[in-house]
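Asks: Line order of the protein sequences matches chains A and B.
For the record, in the first sequence the residue sitting at position 78 is 78 according to the numbering used here, with numbers rising by one throughout.
For the record, in the second sequence the residue sitting at position 64 is 64 according to the numbering used here, with numbers rising by one throughout.
Incorrect hints may appear among the rest.
Straight-line C-alpha distance at most 30 Å; calculated BS3-like pairs for lysine-lysine [what the hints assert, rightly or not]:
| hint | chain 1 | residue 1 | chain 2 | residue 2 |
| --- | --- | --- | --- | --- |
| 1 | A | Lys112 | A | Lys100 |
| 2 | A | Lys52 | A | Lys3 |
| 3 | A | Lys112 | B | Lys7 |
| 4 | A | Lys100 | B | Lys7 |
| 5 | B | Lys65 | A | Lys52 |
| 6 | B | Lys7 | B | Lys65 |
| 7 | A | Lys69 | A | Lys3 |
Here are some of the chain B residues that sit facing chain A, going by a computed Cβ distance under 7 Å [what the hints assert, rightly or not]:
| hint | residue |
| --- | --- |
| 8 | Gly40 |
| 9 | Pro85 |
| 10 | Ser88 |
| 11 | Leu92 |
Hints listed in this document are in silico derivations from the structure and should not be mistaken for laboratory results.
Model, not experiment: these values are computed from the prediction.
Built from N, CA and C at the ideal position, the CB exists for glycine as well.
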Amino acid sequence: DAKTTQPPSMDCAEGRAANLPCNHSTISGNEYVYWYRQIHSQGPQYIIHGLKNNETNEMASLIITEDRKSSTLILPHATLRDTAVYYCIVRAPLYNQGGKLIFGQGTELSVKP
Amino acid sequence: SAVISQKPSRDICQRGTSLTIQCQVDSQVTMMFWYRQQPGQSLTLIATANQGSEATYESGFVIDKFPISRPNLTFSTLTVSNMSPEDSSIYLCSVRVAGSTDTQYFGPGTRLTVL
């Protein structure tokens, strides 16, 4: 599985957009980029995923560069409840080792009033 | 999505004993996984629970220490055997839902403390 690199921590002001970067320079053409977050003492929560195109849902937007070597998760209007550890994961396709999710260290996002 | 429950939610155990953690899902799933999260660390995949056959373990994890069962499509158990304080962790069940975009969901976790 391709490895990801994320900053260990970031701060964001409440109400502002939180932009969380992720580098995945060794990603293969058929590997997906997934984002999860883990609020303290809870199980990880799925946020969004994408392959090539930018994606948006009710929680966030995912911007993937054209060369797919990096991506950015955008929380458009961060709230205090968005304080969590955010994990960027490159997942192999299902036919490759069952598409296991392998977690890195993530980015600890602190949203401040 | 899927609603995943785990029992117990937390436990305190004595070294040398064993604990079995249960994972129940509200819908049929294609795959079930068990993860461990040691204090202050990220999640580590222990194994993939296969229905009706032996689990597939990741490097560093063995069946004798972490026996896993999956008797049907919605239920699995993980046993932590012969526990030591180093086994103190959060153990998380995770599932991939059939018919979805193959998204994986996580249970609330079982917080285990070994004295």
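Asks: Hints first: check each against the structure and report whether it holds.
Replies: Going down the list of hints, with the structure as the test:
1. Lys112/A <-> Lys100/A: violated, 34 Å
2. Lys52/A <-> Lys3/A: Holds: Lys52/A and Lys3/A sit about 17 Å apart, inside 30 Å.
3. Lys112/A <-> Lys7/B: violated, 35 Å
4. Lys100/A <-> Lys7/B: Holds. Lys100/A to Lys7/B sits at ~24 Å (cutoff 30 Å).
5. Lys65/B <-> Lys52/A: violated, 40 Å
6. Lys7/B <-> Lys65/B: holds, 19 Å
7. Lys69/A <-> Lys3/A: holds, 11 Å
8. Gly40: Not OK, violated: Gly40/B not within 7 Å of chain A, min 10 Å.
9. Pro85: violated, 20 Å
10. Ser88: violated, 15 Å
11. Leu92: holds, 5 Å
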